[in-house]
Amino acid sequence: MKKIYARPKGLYRNINGYCPGCLHSAAGKIIMSVLEEMDLLDRTAMVDGVGCCANNDNYMDLDAIGTPHGRACATASAIKRCSPETIVITYQGDGDLASIGLAETMMAANRGDNITVFFINNANYGMTGGQMAPTTLLDMKTTTTPFGRNPKEHGYPMDMCKILSALRGPSYIARVTCIDVPNVRKARQAVKDALQHQVDGKGFSMVEFVSNCPTNWGLTPLESLKFVKERMLAEYPLGVYRNL
Amino acid sequence: MERVFMKGCQAIAEAAIRAGCRFFAGYPITPQNEIPEYFSRRLPEVGGVFLQGESETASAAMLYGAGATGIRAMTSSSSCGISLMSEAIGWMAGACIPVVICNVSRGGPGIGSIQPSQQDYFQATKASGNGGFRMLVFAPSTVQEAVDMTYRAFDLAQKYKYPVYILTDGFTGEMMEPVVLPPMRSEEFLAAERKANEAWAVRGRGGAPKAHKIRCGTRFGVRCPLEQKNKEDWEMYERWKKDEIEYETDGTEDAELIITAYGISARIARSAVSILRKEGYKVGFIRPIKIHPFPEIAYEQLDYSRLRGILCAEMSIPPQFTYDVEAVVRKRAPIGTCLRSGGEIIERSAIIEAAKKLYGAK
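Protein sequence lines, in the order shown, are assigned to chains A and B.
Heads up, the first sequence is in my numbering, so the first residue is 27 and it goes up one at a time.
Heads up, the second sequence is in my numbering, so the first residue is 37 and it goes up one at a time.
I should point out that these hints are in silico values taken from the structure, not numbers from a laboratory.
The C-beta atom is built at its ideal place from N, Cα and C for all residues, glycine as well.
Don't take every hint at face value.
Anything over 12 Å on all C-beta distances counts as not near chain A; from chain B, calculated [said to hold, decoys possible]:
#1 Glu-90
#2 Cys-116
#3 Pro-218
Label-pair restraints from in silico Cβ distances [claimed, not checked]:
#4 B:Gly-243 to A:Pro-172: 50 to 58 Å
#5 B:Pro-261 to A:Pro-263: 40 to 48 Å
#6 B:Phe-41 to A:Gly-227: 27 to 35 Å
#7 A:Asn-84 to B:Glu-271: 42 to 50 Å
#8 A:Leu-259 to B:Pro-145: 32 to 40 Å
#9 B:Glu-213 to A:Thr-169: 56 to 64 Å
#10 B:Met-212 to A:Asn-40: 56 to 64 Å
#11 A:Gln-215 to B:Glu-234: 49 to 57 Å
#12 B:Glu-224 to A:Leu-193: 36 to 44 Å
#13 B:Val-258 to A:Arg-211: 54 to 62 Å
#14 B:Gly-243 to A:Leu-259: 36 to 44 Å
#15 A:Tyr-38 to B:Gly-167: 23 to 31 Å
#16 A:Thr-170 to B:Phe-256: 36 to 44 Å
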């Protein structure tokens with residue numbers, strides 16, 4: 027018998043604590059299986075953002091460092107420069123990467139620091155109970171936009187792939203999603219390409235996962251996937267935005 | 037021994053390099069710009085890394101990352117910049133990362149002034165971030181001391197696996213003085229230390245039996261319950277009271293008046309003490325060399341039956357250091373103050389005048 031699927035080697039054998047239907051676990055599984063395939067598990071240091079992302083520490087058998095909210099790219103840049111042989115990845119949510127850590131993200135990208143950023147965009151602050159994030163869609167209700175996100179009051183959803191693509195520093199930027207099998211395959215390829223850019227010393231790489239948050243969106247897991255497909259992807263088109 | 041004429045900030049940076057510092061991240065702020073500028077040209081010569089952060093907040097987060105790889109690393113800033121760094125300083129205390137932080141302080145609160153001041157005493161010794169952590173805090177009063185303390189700070193950071201803080205000021209940082217520079221730490225010494233630090237550093241597990249996890253509530257790369265970590269930190273702070281107290285006294289045995297100060301104010305106060313002695317006043321001098329842990333013992337040893345008072349001189353209004361002195365003196369002697377603030381320098385003549393007033397008050 028041929029084994030065609032197994033739990034990635036780097037995942038601890040415990041049950042993850044993400045909410046039912048949350049795609050964090052899918053992203054984590056993809057990243058760990060690619061690291062295993064590329065034989066990078068022993069060389070990788072993971073820099074966790076704050077929020078649901080920080081849970082990774084409990085699931086991923088990697089050297090890891092938790093960072094102050096938003097500062098993952100700054101910490102990661104320093105680790106990479108002090109230890110160039112280490113594969114340095116960050117794992118951050120939208121509030122972490124695009125709001126409180128916008129400067130750190132932009133400047134690490136602009137410096138072309140040779141790190142790989144995994145950005146989980148679920149359009150809200152999940153861990154704190156579903157407040158508005160920079161990526162919250164227009165009209166979308168959150169606990170701090172109870173009448174929906176209104177651009178006159180709250181501004182517009184921020185497209186980080188486009189924003190970072192305006193810089194000359196990044197070497198690889200892609201947006202993926204894990205809502206179905208074909209997309210999981212594409213996501214896997216993007217993760218692999220991003221990490222290969224780091225291995226090749228090409229500079230800053232980022233993969234954005236357009237993700238879901240069934241709990242705070244008030245949707246069932248399946249409804250949340252539909253919401254990603256119909257609403258999120260309309261605002262955040264998938265694809266490779268930069269590949270130098 | 038190499039004797040050179042150097043500006044305080046540059047001397048601090050050179051001392052750090054010689055102590056083995058191989059990473060610096062910082063952000064421009066007066067009066068400490070000569071520190072990042074010096075590192076930016078000196079670190080590449082020794083194979084080190086210089087990073088200009090996009091902010092103090094980011095620079096301190098960079099320091100956290102560098103320290104987590106197990107190399108000797110440092111940042112510097114001034115007052116309001118240090119406030120921005122307090123986020124990652126707390127994380128470094130929370131995660132037990134050995135780094136050195138230097139505050140070349142200026143007037144406050146807020147943006148304050150760019151002139152020298154001692155208004156960050158409480159921040160440095162009691163509340164450098166949230167969560168009630170403490171650090172060893174050096175307070176140099178000359179450029180030579182700034183050099184020697186910077187050099188030692190790296191060893192102490194490694195010894196305790198904890199951030200060490202140097203509180204100096206724009207006066208000492210911008211002043212030029214002759215200094216004897218310490219010897220260069222050998223590459224073998226630093227390599228051996230990095231090797232030892234691999235036991236907890238985050239650089240990829242590289243075949244280690246367990247992955248290292250660094251975050252608030254970890255010790256040596258292993259997670260532990262936060263309360264346990266708080267208790268262990270407290271035990272360390274208590275040990276510091278035995279092992280890390282440093283102070284200087286002069287003529288306290290027969291003193292009728294004590295002048296006490298730290299940092300640059302202590303240098304000015306010391307010269308006031310010698311003038312007063314020549315004039316026949318029995319004046320003693322106490323200077324904390326580290327301001328945390330506070331050298332309570334220096335004040336406990338005084339013969340209060342002879343004392344007419346204790347004069348605290350510091351460049352902070354309202355006073356801060358004075359409160360620590362009051363806390364240990366516990367009303368056993370009258371306490372006077374000689375204060376300047378907001379970037380104004382304390383004058384020797386003002387200390388002499390305040391001392392004479394306190395002397396005659398009894």
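query = Among the hints numbered above, which are violated by the structure, and what are their numbers in rising order?
reply = 1, 6, 7, 8, 11, 13
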